[in-house]
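> Going down the list, the protein sequences come from chains A and B.
In terms of this note's numbering, the numbers along the first sequence are unbroken and rise by one, the last being 249.
In terms of this note's numbering, the numbers along the second sequence are unbroken and rise by one, the last being 506.
These are computed hints drawn from the structure, not numbers from a lab.
The beta-carbon is built from N, C-alpha and C at its ideal position, and this holds for glycine as well.
A portion of the hints provided could be inaccurate.
[Unchecked claim] To be clear about the criterion: a stretch of chain B counts as covered by chain A if any three or more of its residues have a C-beta under 8 Å from a C-beta of chain A, and this derived list gives those stretches:
| id | segment |
| --- | --- |
| 1 | 301–313 |
| 2 | 366–380 |
[Stated by the list, open to error] Across the chosen pairs, the derived CB separations fall in these ranges:
| id | chain 1 | residue 1 | chain 2 | residue 2 | range |
| --- | --- | --- | --- | --- | --- |
| 3 | A | D167 | B | G291 | 35 to 45 Å |
| 4 | A | T164 | B | L14 | 29 to 39 Å |
| 5 | B | A294 | A | G185 | 40 to 50 Å |
| 6 | A | D167 | B | G290 | 48 to 58 Å |
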Amino acid sequence: MTDAVLRIRGLSKSFDKPAVKGLDLTIGAGEFYGLLGPNGAGKTTTLRMIAGLLQPDAGSIEVCGIDALADPRAAKQAIAWLPDEPMLYDKLTALEYLAFVAGLWGMQAGLATRRAQELLERLELWEQRHDACETFSRGMKQKAALAGALIHEPRLLVLDEPLTGLDAAVARQVKDLLLERARAGCTVVLSTHILDVAERLVDRIGIIQAGVLLTEGSLDDLRAKAGQADSTLEDVFLRLVAKPRTAAA
Amino acid sequence: MTPGSVPWLLRHELRLGWRAVRGRTGPRWLAALAVFSLAIIHLAAVPLAWLHSDAPLVGPDETLIALTGLIVFALLGMVSTGLVAAVQVVYGRGDMDLILSAPVRPRTVIAARAIAIAASLLSLSAAITWPFANVFASFGHPRFLMAYLVMPCLALLAASASLALAHGVFRALGPRRTRLMAQVLAGLIALAFALMPQVPTLLMGEASPFDALAVLAGLVPGPDSWIWLPARAARGEPGPLAGGILACLALFWLTIRALADGLIADAVAATGARSLTPGVRRERSRGFAGGVPAILRRKELYLLARDPWLIAKITSQMLFLVPIALLMWSADGLSPAWLLVIVLAGNLGGSFAWVTVSGEDAPDLLGAAPIRRFDVLRAKVEAALIAVSLVVAAPLAAAALQNGWLGLTLLLCGAGAALSGALISVLFPSPGRRADFHQRGKGNAVVVTCEMLMSGAWALPGALMLHGSLWALPVALVLLSLPALFKGLGRRLLRAQSASIESSPA
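Please take these sequences and the hints and turn them into a complete structure.
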């Protein structure tokens, strides 16, 4: 594995009950990592802790060698966070939104403008750059939010269900852009329920259930662990997730 | 209760309304607040009732004029509130698709919502009028108990008028402008409501209201005219009273019958309009430059300036300054009415800070950005205070032109009030959507009450400054430190509220 961009050790978080229990995870530079798990498995909680939005109860998070709990601002400089519900301002235009996000990450105005144009053109939103975000469709909003996440060229891109509710064309654009970023060296960590997407996009998959990382590896590794060569990820996932339940029963 | 019937839907409406009012306030706290408020209103009525306990308030002819004025006054207040409620309930809540996809008759839905609007109008007005009626009845004026019949009739009448107005605005202006224009119209009606008590003063100068009534009695039609029928009904004359109750019920029923289909069609059109993606609203701006605080302030100011709903709300608040301005204009010397500018600044400070802090559309974005939370909050409070200064700049300038010391007093105490209001919003955030600004008072009744009391309290150092008293300084310092003290007390209150909510049945 190349140098680790994200290193998590013993990460735990409880709300009314434990949501994440002693999670260990190491993800290298330029890696495309998929976090899969059933509803309530702790995926979003894990991703929100990585993004600095939730304080863990125990454990450590290291981003690009920076202790994210000791120096969250320095760590956040390298991260972008994209949740399933786009974080937009209805009354700002797409261009204003990107300029605002770039400002939050301390980018120079000229560079921000160039990057905004590149991203909006790439995502086919340039024509709507002066339109208020409230006039956008779901897919357009998600694309604008993705542009916001990419504008400061993060080294670690954390995405929670980024393809939920998108039509095929928009989903394709988003997937292509994510792959392109990963090839350029950006580490991508995403959670998704769409197993086909994970199967085709990611280098490595982690399966989390009840706050515990059950297993991780490439699709071939998982097939081997599940004893299902030539199976789809869906079959492998269901088999691996069913095992602990069976054991518990 | 039959599912889909008017009582069943009404129960649903009342439950939603109650939960919005209750917010995060525990039932025990809410009950205590209600009992305390009712006790205060009863006590406030005692001196007035005691003064007039052994004599009729006015002569019989003047009674008719006064009652007619009071009915118009109450109706204006109710319609102002009811119009906003009608637009919100019929067009704004966005649940019509769900309800209309069920096999329920449109007229049933509208009837339940209309009754719910009337009930909310009644609850607001009865909370003021019925305690006064109780006290006056106990001091020898039993006819005041007619308020228990008159107010429900007025609520039905106002709900009918509100629905008709909402429908009219929708038809005239279309779905996109209805909410905004209804708010403006409600503000204008509220202005008429606020101006009514000033009519005798404006007409008669310094004469007392009773003298004004005596003069008016000579100008209006005689006591046998039909225009006094509502007043006769309110006075408890059996014929007009029975006729009035029947007329209100009939008008309410006819409104529902005549407008139900139209209101449903409006609601469907409004839902369709929401789902459109017009892509035609284009904005030009100066962009975002400078450091993070400047960027955050500019973002907040853009969002405030581009929120027509918020601007309409602020405008309607400003309209209440018109009668105050009239008072200040007609007063010799320095009128104490100027102190209301301080109260307004405090209210605006709390409101704008709620929008910028609690109404943040993308808290995760700011949370994920490499910036300090303190810097974010500071920029948001600064943006709120800049917005307050823009709104109150004109009255401040007028005050400064009239008297320099008055201008300085309003500037300092207004800034203090705005800062206190903003600090309360920051220290006790109640996250909500920006679009739900009009319901922010329902999120946490205790905090909003504290905020209003704090705004009012800043008039005290203002008054002391105007009288040249040095006590203004310590009082101002105490008021500035109160939000932090509230924070300590508030933590305990919120813990107690949470415990009472968790222990109460769902």
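> Hint by hint, note whether the structure agrees.
We went through each hint and held it up to the structure:
Counting residues of the segment 301–313 of chain B whose C-beta sits closer than 8 Å to any C-beta of chain A gives 4, which meets the bar of three, so the coverage hint holds. Check result for the segment 366–380 of chain B against chain A: holds, 7 residues qualifying (beta carbon to beta carbon below 8 Å, three or more required). Under the hint 35 to 45 Å, the C-beta atoms of D167 of chain A and G291 of chain B, about 39 Å apart, fit the expected range. The supplied range of 29 to 39 Å is met by T164 of chain A and L14 of chain B, whose beta-carbon atoms lie about 36 Å from each other.
For A294 of chain B and G185 of chain A, the hinted distance range of 40 to 50 Å is not satisfied, since their beta carbons lie about 32 Å from each other. Checked against the given bound of 48 to 58 Å, the beta carbons of D167 of chain A and G290 of chain B, roughly 39 Å apart, lie outside it.
Violation of the numbered hints given earlier is confined to hints 5, 6; the remaining hints are satisfied by the structure.
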